[in-house]
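Trainee: What follows is the residue order along each chain.
Protein chains: 4
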Amino acid sequence: MPKKIRLGILGGGGDSLIGVLHRVASHINDNYQIVSAVFNPDFEQSLAFARQIDVPTNRIYKDFDTMVEEEMKLPPEQRVQVCSIQTPNFLHFPMAKKLLDNGFHVICEKPMTTTLQEAKILQEAHRKSGTVFVLTHTYTGYPMVREMREMIKAGALGKIHKVDASYYQGWINPVIHDPEVRKTVWRLDPKKAGISSCMGDIGVHAFNLIEYTTGLKINSVLCDFNYLYDDNQMDVDGTVLIRMGKHIKGLIRSSQVATGEENALTINIYGEKAGFRWEQENPNFLYMTSDTEALKVLKPGHSYNSKLSLAGTKLPPGHPEGIFDSMANIYLGAARAIRGEEYNDGEFPTMLDGVRGMNFIEATVNSHKGGNIWVDLE
Amino acid sequence: MPKKIRLGILGGGGDSLIGVLHRVASHINDNYQIVSAVFNPDFEQSLAFARQIDVPTNRIYKDFDTMVEEEMKLPPEQRVQVCSIQTPNFLHFPMAKKLLDNGFHVICEKPMTTTLQEAKILQEAHRKSGTVFVLTHTYTGYPMVREMREMIKAGALGKIHKVDASYYQGWINPVIHDPEVRKTVWRLDPKKAGISSCMGDIGVHAFNLIEYTTGLKINSVLCDFNYLYDDNQMDVDGTVLIRMGKHIKGLIRSSQVATGEENALTINIYGEKAGFRWEQENPNFLYMTSDTEALKVLKPGHSYNSKLSLAGTKLPPGHPEGIFDSMANIYLGAARAIRGEEYNDGEFPTMLDGVRGMNFIEATVNSHKGGNIWVDLE
Amino acid sequence: MPKKIRLGILGGGGDSLIGVLHRVASHINDNYQIVSAVFNPDFEQSLAFARQIDVPTNRIYKDFDTMVEEEMKLPPEQRVQVCSIQTPNFLHFPMAKKLLDNGFHVICEKPMTTTLQEAKILQEAHRKSGTVFVLTHTYTGYPMVREMREMIKAGALGKIHKVDASYYQGWINPVIHDPEVRKTVWRLDPKKAGISSCMGDIGVHAFNLIEYTTGLKINSVLCDFNYLYDDNQMDVDGTVLIRMGKHIKGLIRSSQVATGEENALTINIYGEKAGFRWEQENPNFLYMTSDTEALKVLKPGHSYNSKLSLAGTKLPPGHPEGIFDSMANIYLGAARAIRGEEYNDGEFPTMLDGVRGMNFIEATVNSHKGGNIWVDLE
Amino acid sequence: MPKKIRLGILGGGGDSLIGVLHRVASHINDNYQIVSAVFNPDFEQSLAFARQIDVPTNRIYKDFDTMVEEEMKLPPEQRVQVCSIQTPNFLHFPMAKKLLDNGFHVICEKPMTTTLQEAKILQEAHRKSGTVFVLTHTYTGYPMVREMREMIKAGALGKIHKVDASYYQGWINPVIHDPEVRKTVWRLDPKKAGISSCMGDIGVHAFNLIEYTTGLKINSVLCDFNYLYDDNQMDVDGTVLIRMGKHIKGLIRSSQVATGEENALTINIYGEKAGFRWEQENPNFLYMTSDTEALKVLKPGHSYNSKLSLAGTKLPPGHPEGIFDSMANIYLGAARAIRGEEYNDGEFPTMLDGVRGMNFIEATVNSHKGGNIWVDLE
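Protein chains in written order, with the working numbering: chain V, 39 to 416; chain G, 39 to 416; chain C, 39 to 416; chain F, 39 to 416.
Keep in mind that the hints were calculated from the coordinates and are not lab data. Because the structure is a prediction, the values reported are computed rather than measured. There is no bait here: all hints are sound.
It does not matter which identical chain is meant; a pair holds if it fits inside one copy or across any two.
Below, simulated SDA-like cross-link-like pairs (lysine to any residue); rule was C-alpha separation at most 25 Å, straight line:
| id | residue 1 | residue 2 |
| --- | --- | --- |
| 1 | 345 | 382 |
| 2 | 311 | 265 |
| 3 | 42 | 117 |
| 4 | 311 | 240 |
| 5 | 345 | 330 |
| 6 | 41 | 113 |
| 7 | 284 | 212 |
| 8 | 197 | 223 |
| 9 | 41 | 71 |
| 10 | 166 | 104 |
Kindly generate the complete structure, drawing on both the sequences and the hints.
Mentor: Put into structure tokens, the structure is as follows:
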């Protein structure tokens with residue numbers, strides 16, 4: 039009796055980077071086997087890719103609807119158990135909705151939907167389905183991110199009073215300054231990219247990281263975007279003032295024109311007793327700051343680490359694990375949930391994270407467009 | 039014929055840290071000799087301190103007014119040439135005003151005054167006096183801060199579109215959480231500390247650093263403060279959204295409750311072609327970021343450095359110079375100006391920096407108190 | 039027709055860390071499928087582990103000899119193509135020898151053998167076999183290690199005159215200081231651990247890294263070990279002076295009692311024109327030093343990277359890949375070689391690296407035991 | 039009654055960097071006044087430099103012997119109390135000898151002498167003189183170096199078993215590769231530079247740092263130099279294996295051709311309980327490593343610092359003090375000793391450090407020239 043979970047893939051074919059990330063992550067802990075897929079809208083390319091990565095072609099389908107239809111005909115013990123959605127953003131919602139309605143578990147790339155309204159509909163569908171829904175906010179899979187969450191929960195920082203998170207990239211910089219070139223970038227086309235670029239694509243990761251690590255909820259936001267050019271309609275840079283509770287404040291900084299930054303997701307959390315600093319590009323180093331003691335640098339795989347953190351470490355200290363391993367930790371948590379095994383809160387981002395993320399993005403846009411006003415989250 | 043400049047000191051006696059900083063800086067390049075002082079409001083202590091640091095006691099005066107009166111009686115070639123004001127903030131204005139009116143050069147600690155109005159009066163007095171006025175924004179004396187200024191001027195970053203500066207400290211954290219203790223902290227008493235704590239004391243350094251390095255002027259601000267407790271009247275944390283020109287935006291982050299931070303003044307500047315990152319606690323490392331080339335780390339004392347930067351480096355590469363040397367560079371520039379020698383723009387902060395600083399502080403307070411509205415700077 | 043390479047596994051079952059590393063690495067680029075194994079000397083445990091990771095049990099064998107015998111009976115198109123040896127060190131030689139003699143490709147953990155003599159026998163067997171032999175010096179799979187190799191080959195450093203490599207760990211420290219405890223550590227038992235502990239287990243990685251990156255050969259060594267206690271027979275710390283060519287010198291530092299060090303493999307290479315510094319615990323940062331220009335920090339995934347480096351990067355800049363990905367790059371190179379596809383020199387360590395490694399280890403032991411004398415490598 | 043110590047200067051005139059360092063350091067704590075000097079062998083230049091830095095010219099002498107003769111004629115309360123020797127190395131010995139013989143206190147640049155024999159003669163002269171002798175191993179003045187010493191003394195590391203110190207520079211690299219140019223470098227001329235270049239000039243600092251921080255004595259050395267070219271007679275690179283006690287080993291690495299290194303003096307100390315890492319180019323950060331606890335980063339100016347460390351910190355945490363401040367700390371200790379005040383062991387390097395330094399340098403040369411043999415220190 040094979041123990042691997044039967045995984046279906048939607049999107050992620052060819053040279054897709056997100057495809058590589060999900061596929062590798064699904065392999066890492068020996069929990070999943072790809073049995074079915076629509077890798078590509080073009081059926082022939084989908085088949086070719088299946089052959090390339092040695093997935094049997096008999097359950098490669100011509101499109102998503104066919105896949106659902108055919109899989110439903112199979113007996114439950116052969117049927118795909120969980121589908122991983124790696125398609126363009128606007129397809130996340132209809133695919134996830136139909137999958138949940140048909141009783142499939144879902145692993146979904148972020149942003150979960152394109153609007154808050156869709157997110158709420160999906161939330162309701164999920165509630166009815168009784169299945170597992172996992173949103174791949176990849177960065178929550180890093181051991182030291184989990185360590186922050188567990189240590190904060192255990193009171194290591196005391197009452198938190200300030201959070202400062204940022205996600206800076208520079209990649210739009212080389213394509214935005216020429217008026218002809220910038221017309222051709224799909225990320226800068228509101229029809230393709232949705233209501234927000236820097237906040238929707240990356241700022242929301244910083245938002246999620248704050249709520250994941252601190253356990254606090256962001257109540258309201260005030261946002262200022264920068265579009266850089268009059269003829270550019272998408273935010274490529276923005277700062278969000280946030281309020282989390284009485285006298286708990288902070289900010290989210292997000293940019294795609296932070297020249298030379300690669301993938302600089304960082305967080306600083308300050309509490310009455312101590313503080314944390316973490317940087318995604320050196321993910322195995324967690325800095326704990328204190329007003330009275332020496333700075334501490336925590337690393338993964340040690341006996342001093344939390345259970346949740348250790349669950350995401352495969353090798354002894356000093357063997358750097360990276361982004362694939364972080365995503366693999368989320369797949370591992372998903373596997374436990376799908377199999378009905380016990381798992382810890384925090385092993386993967388949930389439907390609620392998806393809803394809140396869409397709420398955040400819409401709130402920042404409304405704040406900026408309203409003239410930099412405070413907008414409450416629901 | 040002695041060549042050293044005759045220096046008078048106001049304040050800075052006993053264990054005063056700012057006194058140590060100024061005194062050491064004045065010695066470093068062999069340019070100044072302390073000939074006169076009011077180190078302390080208590081005359082006996084002033085005399086004792088003079089003896090302790092081996093300054094002749096014949097021109098130690100019982101108070102500031104006496105000092106001005108007596109020095110004016112001396113022939114110009116014996117009279118104090120420049121006074122360094124290191125007193126509590128509220129005395130900066132009256133002292134500087136009287137000194138300028140009597141034709142003395144002035145080196146003044148920041149904040150220059152306690153209100154923008156005073157700053158403007160001082161500006162006018164300075165204009166009339168024809169003397170040298172130096173505001174000790176110490177951090178502008180660091181070689182790599184100067185390097186940023188010169189490289190930006192030379193076009194190394196291209197057009198700048200974003201600036202993100204922060205000044206985070208944690209020292210108020212240990213004294214603010216107890217309601218009894220926080221009543222006793224003079225920094226939290228508006229009568230003693232002025233209209234702003236975190237923005238007035240440290241945020242204004244970040245403001246000055248932005249204008250010094252980029253050559254841009256900050257036009258308007260939107261500010262949100264955190265007071266942490268209902269009975270605390272002073273901002274101990276705040277974020278300022280800034281606008282510098284069309285499509286040029288950024289932010290200033292300032293905190294005195296950033297737990298475990300020591301003196302974390304940092305700046306990130308992003309331009310079309312490249313970016314800069316600099317951190318005061320590692321002041322000899324300047325990071326230059328690019329979307330297409332390897333990150334560069336520039337250090338002082340190299341042949342590739344600018345003239346202005348090299349003027350502030352005394353030893354070969356790899357010999358870390360620190361905060362005393364930074365302040366000494368400002369004293370060096372002041373000496374050149376006082377002697378009527380040629381000096382470079384950027385060798386010391388000027389009256390205009392002082393006026394703008396007060397303008398900034400008042401604008402942030404008005405923004406926050408106005409409900410997080412945009413406030414223009416003059 | 040499945041394209042995946044049929045992989046056999048020897049060892050690596052249960053909680054084996056090296057097993058996880060190899061298994062994950064073999065999955066990452068979709069090139070291998072485990073079809074056969076002896077995971078554990080205990081047949082039942084071997085079967086149980088196969089079920090756990092969902093490998094069909096029909097080709098799980100009771101021991102290595104049976105595996106070879108049975109696999110040889112299978113038609114070539116079903117037979118295991120390559121075996122990955124992850125057993126205790128003393129088994130590497132007999133297993134690899136028999137596999138090569140029977141025409142299997144081999145992926146082998148280091149040290150390749152336990153003596154130089156065995157290594158030479160294996161080298162001869164490999165020469166006769168015409169198969170692919172890959173030694174898993176994992177660290178050569180890191181993109182920035184490859185970048186050093188390619189840039190040095192292209193002349194970026196000019197003539198090299200000094201190399202300083204170290205591999206410092208601290209893990210023996212907690213178990214060596216108690217006389218009773220240290221008797222029980224198998225790494226400190228010459229019968230189980232071979233002729234050298236720190237040099238054989240980790241110093242040889244530093245040795246390999248030097249030869250891999252510089253293209254130079256180490257000609258002779260002078261070594262001093264530290265055993266820490268009179269009743270300890272294994273080196274737990276040692277320094278090796280090395281000579282590589284006329285006026286080209288350097289050193290290898292290796293320790294298992296470098297308190298608090300985790301897995302600190304580092305290398306500094308100095309040439310006439312520039313230098314390199316790389317640290318395994320931050321593997322995505324390569325520092326290029328110069329006497330006349332700013333320090334450069336190179337990272338993976340950029341257009342300025344070499345072809346060999348880019349072949350080992352799966353995601354865009356700023357997405358940190360780690361040790362699993364490094365090993366996966368070696369498996370990727372092995373896959374190309376096994377399939378007869380074109381591959382670059384440097385994609386995986388070879389038989390020659392294995393022979394030289396054993397030569398190095400024996401030479402250091404002979405140098406130390408001879409009274410810290412120079413010993414030539416062959 | 040002036041309290042400043044009457045300081046005489048030998049050498050250090052004009053653009054001399056060592057002159058700047060000593061002069062600034064002597065000023066920093068308001069303890070010294072320059073009253074007499076031979077800044078330059080050329081009397082006119084000496085006078086001109088005195089005028090430039092505003093030292094009265096009446097006690098600027100034409101040469102050293104005249105200076106001693108004339109100062110001895112002055113009444114003790116006017117006479118120079120301490121002389122700071124900043125001349126070329128070969129003059130250190132005769133000057134220091136004569137000064138000690140005439141009852142002057144001495145502050146002397148390193149290396150103390152040019153041979154061990156001279157060092158011993160000086161040691162005897164010092165013993166007879168009853169005066170204060172201070173050797174300016176500048177780096178021992180850094181607060182975090184002192185912190186290591188005090189924490190080790192207090193047992194923080196447990197028994198030490200390994201030390202690894204290095205001093206890497208690259209500055210000879212640009213001048214050594216051209217056969218014509220290298221003939222002209224005085225550092226490469228044995229007549230001018232003494233018996234060793236890299237070990238005598240910088241390796242000895244690493245040696246001193248080991249003995250200063252650990253309290254251990256280095257008993258014997260085995261050394262290998264690199265001259266790079268057959269026609270170069272001076273070591274520009276070398277590695278020294280060291281033995282400090284039974285089972286206590288380590289190494290000193292020194293280079294002037296470590297391309298792109300600026301002034302990379304570093305030390306790693308490993309003990310049974312914990313380890314230290316410190317780097318001169320980031321002197322305010324001290325790393326404490328442990329096998330079981332998080333890495334700690336200690337900084338100066340904190341309540342957790344030792345008394346000796348705090349005595350060398352003038353400003354609050356986060357205000358980086360640098361090399362001038364380090365030297366100033368040594369001058370401060372010297373002032374206490376000269377005034378007969380109480381001072382702590384470790385406030386300045388002593389005659390004994392000078393003797394041991396010469397012993398070390400000679401031993402390394404003898405080891406290398408003897409064919410990399412072990413040479414005992416006395």
